[in-house]
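Going line by line, the protein sequences match chains A and B. Take 1 as the starting number for the first sequence in our numbering and just add one per residue. Take 205 as the starting number for the second sequence in our numbering and just add one per residue.
None of these hints come from the bench; they were simulated from the model. Computed from a predicted model, the values in this text were never measured in an experiment. There may be inaccurate statements among the hints.
[Said to hold, decoys possible] Computed cross-link-like contacts, DSBU-like style, restricted to lysine-lysine with a CA-CA straight-line distance of at most 35 Å:
#: 1; chain 1: B; residue 1: LYS217; chain 2: A; residue 2: LYS15
#: 2; chain 1: A; residue 1: LYS177; chain 2: B; residue 2: LYS367
#: 3; chain 1: B; residue 1: LYS386; chain 2: A; residue 2: LYS169
#: 4; chain 1: A; residue 1: LYS57; chain 2: B; residue 2: LYS386
#: 5; chain 1: A; residue 1: LYS14; chain 2: B; residue 2: LYS217
[To be verified] Footprint (simulated), chain A over chain B, 3 or more residues, beta carbon under 8 Å:
#: 6; stretch: 245 to 252
#: 7; stretch: 317 to 326
#: 8; stretch: 370 to 377
Ideal placement from N, C-alpha and C gives every residue a C-beta, glycine not left out.
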Amino acid sequence: MVKEDCASYGYGRKKWWAEQIGVPQLTISHWFANRQLPNAKNLKSIQNELNELHTNKASEALREHLWELYYQDFNVDSYFIKFATIEILKAKEIDSRTLGLLSFYIERLGAFDFKVPSENNLRNKLGWLLETAKVSPSFEPAKLKEPLGLIKLSIKPLNKDLLISYLSKQQTKLGRKWHVFDCPINQIKENLIWKQNTDKLSVF
Amino acid sequence: MEAEYRQIISFLKELDSLVTRKYILYLIGGGAITLAYDHKNRTSDLDAINPAQELIKIGGMQSKLAYKYKVGISPLFEITFSAPSDWKSRCKPVDLNLKNISIFVSDVHDLILGKVARLEPRDLEDIVGLHDKKMINVHTLIERLNKNRKELAASTAYRNNAKLLFELVIGHKLIFEKGDAKLSK
């Protein structure tokens with residue numbers, strides 16, 4: 001599956017896999033040529049990465065769908081938003097405008113009875129999102145060793161401390177409460193337009 | 205076709221059909237990125253430098269047209285665009301087969317410099333998108349940055365944001381020597 005992924009992405013993907021798994025790029029080439037086999041630790045890393053890619057792809061598809069519903073003036077109901085919120089939040093990073101759109105819908109469609117996620121990262125992201133939508137979550141933030149990345153900044157900075165310093169300065173009060181590196185989304189929400197066309201039902 | 209890109213095209217086509225004379229529209233910011241450089245870029249407004257009053261009246265953010273397409277023109281003064289003063293000469297036309305409105309988008313490097321003044325996370329998201337699509341030429345970016353004398357001289361924050369941008373996204377350390385930006389060896 002790694003080989004297929006490299007073939008579909010093209011140039012540079014092998015290097016990316018090598019970085020994710022923590023092996024030299026040449027090792028990946030050896031695996032593809034069956035000159036070497038990945039060990040158990042490598043296999044676990046590969047599995048984790050594939051799961052993450054799958055989750056991110058699913059999340060991205062839902063994000064696209066949500067924006068289509070928004071622009072096409074379809075009625076979006078709370079059941080769909082509840083499902084979409086959880087699936088979108090499972091992604092490692094989400095663009096700030098989609099976070100704004102989710103918050104916008106949650107706020108307008110009313111408070112929901114979200115099941116408290118068992119996974120701490122998801123729990124904190126959801127808690128943050130609900131509070132941005134002026135909904136009081138029924139749960140408290142989970143304690144995390146370090147803040148979660150939330151917004152979509154898939155960069156490999158020269159200096160990781162510099163990135164953390166930047167993200168810390170951008171963090172809002174809610175971000176600090178929920179241990180996520182967030183950013184203000186109020187202005188994003190203010191630019192969104194609420195229209196629910198009663199003739200158009202969400203095709204979900 | 206990506207949703208935002210489609211909405212912007214539809215909006216501009218209808219705007220074009222409603223105006224009563226010919227206009228030039230200079231776009232910068234996220235809207236310019238979505239229209240000309242990265243159709244997947246998300247944006248809700250079209251930042252335009254000094255657009256004509258009729259364009260704002262019919263297509264501004266509070267207009268019926270903006271309500272219909274959920275995209276609208278957001279007028280900005282040229283002084284707020286933190287790019288070199290010759291930015292217009294480097295704009296590229298966007299051909300949408302319109303009858304009345306000629307659309308020009310800022311050069312991608314000037315677009316980036318325009319975001320350096322603020323450099324909020326959504327600005328970084330836009331720039332990262334351009335970087336991922338390999339649209340940024342580092343040497344051109346430095347060249348344009350050095351032409352941006354007004355911003356470099358006036359604002360320590362702008363210089364610091366430029367350094368931050370280079371280290372976080374471009375992948376090079378930027379230094380300033382005698383007022384000129386260059387890559388650190």
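Hints, verified against the model:
Between LYS217(B) and LYS15(A), the direct Cα distance comes to roughly 43 Å. Violation of the 35 Å bound is thereby established for this hinted pair. Restraint check for LYS177(A) and LYS367(B): the C-alpha separation of about 30 Å stays at or below 35 Å, so the hint holds. Proximity of LYS386(B) to LYS169(A) is assessed by CA-CA distance (about 26 Å); at most 35 Å being required, the pair is judged to hold. A threshold of 35 Å between alpha carbons decides the hint, and for LYS57(A) with LYS386(B) the separation of about 39 Å lies outside it, so the pair is violated.
Between LYS14(A) and LYS217(B), the direct Cα distance comes to roughly 43 Å. Violation of the 35 Å bound is thereby established for this hinted pair. For the stretch 245 to 252 of chain B, the stated coverage by chain A holds: 4 residues have a C-beta nearer than 8 Å to a C-beta of that chain, and at least 3 were required. Against chain A, the stretch 317 to 326 of chain B contributes 3 residues with a C-beta closer than 8 Å to a partner C-beta. That satisfies the three-residue criterion, and the hint holds. For the stretch 370 to 377 of chain B, the proposed coverage by chain A is satisfied: 6 residues have a C-beta within less than 8 Å of a C-beta in that chain, meeting the threshold of three.
Of the numbered hints stated above, those contradicted by the structure are hints 1, 4, 5, listed in ascending order.
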